[in-house]
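Participant: Next come the chains, spelled out residue by residue.
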Amino acid sequence: MTDYGQDLLFGTFITPTAQPVHQAVELAVVADRAGLDLATFQDHPYLPKFHDTWTLISYAAARTTRIRLSGNVLSLPLRQPAVLARSHASLDRLTGGRIELGLGAGAFWDGIEAMGARRLTPGQAVTALGEAIEIIRAVWSSEPGPVRVNGEFYQADGVKRGPAPAHDMSIWVGAYKPRMLRLIGRAADGVLPSLSYLEGGPADYAVINQHIDDSAVAAGREPARIRRMLNINGTFSGFGKSFLNGPAEQWAEDLAGVALEHGVSTFILASDDPAAIEEFAGDVAPAVRELVAAERAH
Amino acid sequence: MKHRLRFGALVTSVAEARRAEELGYDLVAVSPDERDPWTLLSWIAGHTERVGLAVTGLDAADREPTVLGRAAASLDLLSGGRLSLALTGEHLGEVTDIVRGVLDADQAGPLRYPGEHHRVPKAQRGPLPAHRIPIWLTGTDPASLALAGRTADGWIADLEQVSADELVTAYKIIEAAASEADRDADEIRRILIVDPDRSAAELSALGADTFLFRAAVLPDLTAWETLRDSSGPSVFRPASVRSKRRDGIAYDELPASLAATAVEPGDLDYARVRSTYMRGGAPGLVLRPTTTAEVVEALAVARAHPELPFGLRSAGHGVSGRSTNDGGIVVSLAALNTIEILDEARRLIRVGPGARWMDVAHALRPYGWALSSGDYGGVGVGGLATAGGVGWLARKHGLTIDHLHAVEMVLADGSVVRASATENADLFWAVRGAGANFGAVTSFEFEAYEVGDVGFAQLVVAADDPADLLVTWGRAIEAAPRDLSGQLIMGPPRPGQPAYAQLMAVVDSDDPETIIEQVQPIAAIAPLYQQEVVLTPYAGVISNAADGGYHQGVGEPTSRSGLIEHLTPAFARAVVKLLASGAVHWFQIRTVGGAVADVPADETAYAHRSANFSVIVMGSSKQRVDAAWAGLAEHFDGLYLSFETDQSPERVADAFPPATLARLRELKLRYDPDNLFRDNFNIKAAAR
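Taken in sequence, the protein lines are chains L and B. Mapping to the numbering used here: the first sequence position 6 is 6, numbers consecutive. Mapping to the numbering used here: the second sequence position 661 is 661, numbers consecutive.
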């Protein structure tokens with residue numbers, strides 16, 4: 001049992017489809033009204049069937065009132081660290097603190113290279129992500145003087161600092177492998193894998209936690225402050241069939257189990273179906289909160 | 001001045017942008033401060049509705065040019081075509097090329113750009129923005145000015161940084177570079193940031209066409225309104241667009257109302273309107289009227305070009321693709337898409353030709369009504385409701401045209417008439433089956449009927465003996481209650497794989513037992529591979545078309561249609577031969593009969609009322625399809641125009657029995673003697 005006692009967040013993982021033009025925005029509005037905590041969007045800039053994710057997030061932020069928004073996750077190789085920092089801080093200030101930074105080291109390198117960016121090996125991509133986080137935090141920081149980071153992949157020599165985000169913005173990183181998980185333990189604020197990529201299902205989270213916790217402790221950080229997140233997918237059906245395939249009550253039990261067993265505190269539903277988003281927000285989220293609170297009270 | 005004069009405002013917040021929008025400003029622009037300007041602009045886009053959007057200078061170094069192109073397309077789409085893109089920084093020539101290459105989604109193949117400073121190996125193009133995003137360049141040095149002259153859609157300067165004299169010099173350099181690049185310098189907009197303490201006379205002396213006011217408090221525009229009166233048209237087409245015009249079309253003589261929405265081959269929207277669902281096209285001009293009065297004007301344009309092809313389009317789904325052409329005129333009625341309830345007690349509705357049937361179904365659902373159309377929700381009202389309408393409820397409720405009470409239409413001579421059982425009754429008869437030959441219907445009045453939830457069965461059955469399957473299915477359909485309508489789909493045999501057929505049926509009943517009872521005899525005709533039966537609103541059955549996107553049909557479709565009373569063993573054997581020939585990739589039979597046959601044959605121009613089945617094949621080679629189809633011909637009595645592609649007079653004669661055709665020819669002489677409506681199964685007017 002690993003429960004870090006983190007407050008629970010529930011969100012939605014929206015396809016940034018460019019046709020119909022406003023579908024993704026409308027789904028964010030549905031999630032906002034339904035009371036979810038997060039609206040997140042995948043980022044594949046090499047695919048023209050999708051909107052540019054950052055533009056979409058900025059526009060969707062204007063159409064929503066309370067929900068927090070982030071990339072899930074933004075493709076670092078096609079987005080510059082200093083611009084990521086400035087644009088996230090800008091939108092955070094405009095929205096009164098509703099923006100978080102979801103970041104990935106890059107997944108589909110053929111697509112990334114086709115767009116004109118450089119291809120990195122997995123090891124290089126981890127290093128590059130570490131450098132990017134350093135630059136982002138430096139841009140946000142109120143320390144005197146310009147940013148100076150002289151990395152192997154990113155150099156920021158004399159970049160002006162600011163603006164600072166309106167709130168203590170989190171950097172959440174999509175990750176599965178030990179090196180990246182250790183980087184998260186040292187430098188990031190959350191880990192954001194997708195259930196569909198966990199070959200062993202939720203149980204794989206034990207290994208994820210182990211790497212992050214060890215690395216955090218070694219870096220003198222408190223493991224409980226690193227948010228454990230999970231993109232999930234499933235089906236609402238009349239009677240229980242399997243994990244996340246059943247009625248809302250069963251979903252709640254399934255997710256409460258993952259929260260209490262592995263300390264996962266953020267569940268993000270991959271769905272473009274308004275009815276599923278509403279059911280997740282209205283029936284599943286409160287029930288998970290109740291089950292987890294009851295167990296934690298013991 | 002070639003461009004319409006515009007006023008904009010430099011803004012730093014949503015409040016200021018909204019104020020500018022309220023005051024009637026044409027655009028707002030954000031100046032980079034410590035915030036990311038693109039983010040601020042996207043945020044403002046989400047908080048405004050109408051006003052144009054720009055950044056005074058976006059640093060090109062901040063984004064990979066390919067990503068910038070995608071971002072620009074996204075913001076333009078999300079904002080409804082309001083973006084202008086102003087760039088600053090280095091290597092702007094390359095950046096501009098790449099951004100344009102990404103935005104040019106209609107261009108074949110990926111974008112490959114081997115620049116000196118930016119290299120793009122093979123980026124996919126798109127998405128297609130909502131309008132042609134103008135790219136403005138900045139910089140007052142000669143190289144920047146020359147680049148603007150060679151390639152930009154606009155050049156932006158700040159009167160705080162350039163004197164009026166320097167401006168004159170700058171414009172000269174731009175003009176010289178434009179002319180050297182064979183461009184008309186008038187194509188390049190001149191955008192100037194100014195303080196609003198200047199009079200109209202002072203501004204007009206500056207030679208710019210877009211003024212961005214820098215002001216703590218935005219002034220209203222009354223002091224400068226006079227400048228707009230003398231300015232140019234709202235639609236400006238650069239030489240590069242005009243160069244793609246086709247011969248024989250009087251592009252510059254369009255009435256202003258049509259010019260605002262017309263699309264020609266060089267326009268960005270051309271990709272969205274050129275082709276239909278099934279057929280690739282390259283029309284010379286697409287007119288998009290928004291009212292009946294504009295339809296009258298559009299038909300006048302078509303009349304003025306009697307030698308060119310002329311297509312009339314509702315949603316562009318017609319299988320024969322007659323709503324596009326090569327080098328001709330297309331009148332798209334897509335904008336006439338309203339759906340109104342006229343009389344709730346009598347269930348009377350009025351629908352525009354450009355509405356799609358799934359939209360109609362959704363509009364009727366709250367009332368518990370429906371109107372059977374075809375089997376696909378993306379199909380437009382106009383084409384189907386002037387041909388017939390063989391749909392999911394056909395056996396119970398008849399054809400779509402059987403519920404038509406009246407139409408408003410524009411005739412070939414431009415007159416607007418109403419046709420119903422009591423007004424222009426001849427025309428009303430002709431429109432129901434042969435409407436495409438008689439005019440452009442601008443609204444349809446239907447009587448909808450009550451339909452609750454329906455049963456929708458989708459089955460896959462073994463077709464080891466396809467001939468036997470056809471005969472058995474045909475008998476089961478003919479024996480089924482009228483609640484049930486449906487279709488059968490088969491493909492060519494595939495070596496080494498089991499043969500199967502898809503059977504679909506809609507039962508107009510919300511009682512599960514009735515549904516199962518009626519579907520059961522259909523399901524029993526052969527071993528079942530798959531079955532799904534659901535209870536759904538009718539709107540759920542017809543909501544099967546994707547929203548968004550546009551038609552990208554290519555080539556010439558080949559489809560043949562035949563109407564038949566019974567699926568006899570001889571017919572079934574002929575079908576097996578046809579399928580074995582490999583000439584067709586699509587074979588479908590839809591059920592007619594039932595209520596369709598209750599209507600006397602002379603009641604509407606659609607006259608082959610006795611058929612129980614409508615047979616459709618599609619293939620890629622006309623020659624091969626025709627050869628294979630010939631083996632079936634003897635079994636048919638007539639055809640349904642909506643699924644036929646052969647435009648020959650023989651097919652027109654197949655579609656209409658002799659008495660019907662004779663009457664149609666008389667009416668053609670009366671209503672369209674000069675044969676304006678000629679490109680969609682043309683009925684030859686009777687001799688004068």
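Watch out, some of these pointers could steer you wrong.
[As the list claims (entries may be wrong)] With beta-carbon atoms standing in for the labels, derived distance ranges:
{"no.": "1", "chain 1": "B", "residue 1": "236", "chain 2": "L", "residue 2": "144", "range": "30 to 38 Å"}
{"no.": "2", "chain 1": "B", "residue 1": "116", "chain 2": "L", "residue 2": "108", "range": "25 to 33 Å"}
{"no.": "3", "chain 1": "B", "residue 1": "367", "chain 2": "L", "residue 2": "167", "range": "26 to 34 Å"}
{"no.": "4", "chain 1": "L", "residue 1": "200", "chain 2": "B", "residue 2": "31", "range": "48 to 56 Å"}
{"no.": "5", "chain 1": "B", "residue 1": "610", "chain 2": "L", "residue 2": "33", "range": "53 to 61 Å"}
{"no.": "6", "chain 1": "B", "residue 1": "468", "chain 2": "L", "residue 2": "196", "range": "39 to 47 Å"}
Since the hints were derived computationally from the structure, they do not count as laboratory data. Positions of the beta carbon are idealized from the N, C-alpha and C atoms, including for glycine.
Participant: Which hints from the list above does the structure break, by number from lowest to highest?
Facilitator: The structure conflicts with hints 1 and 3, although it agrees with all the remaining ones.
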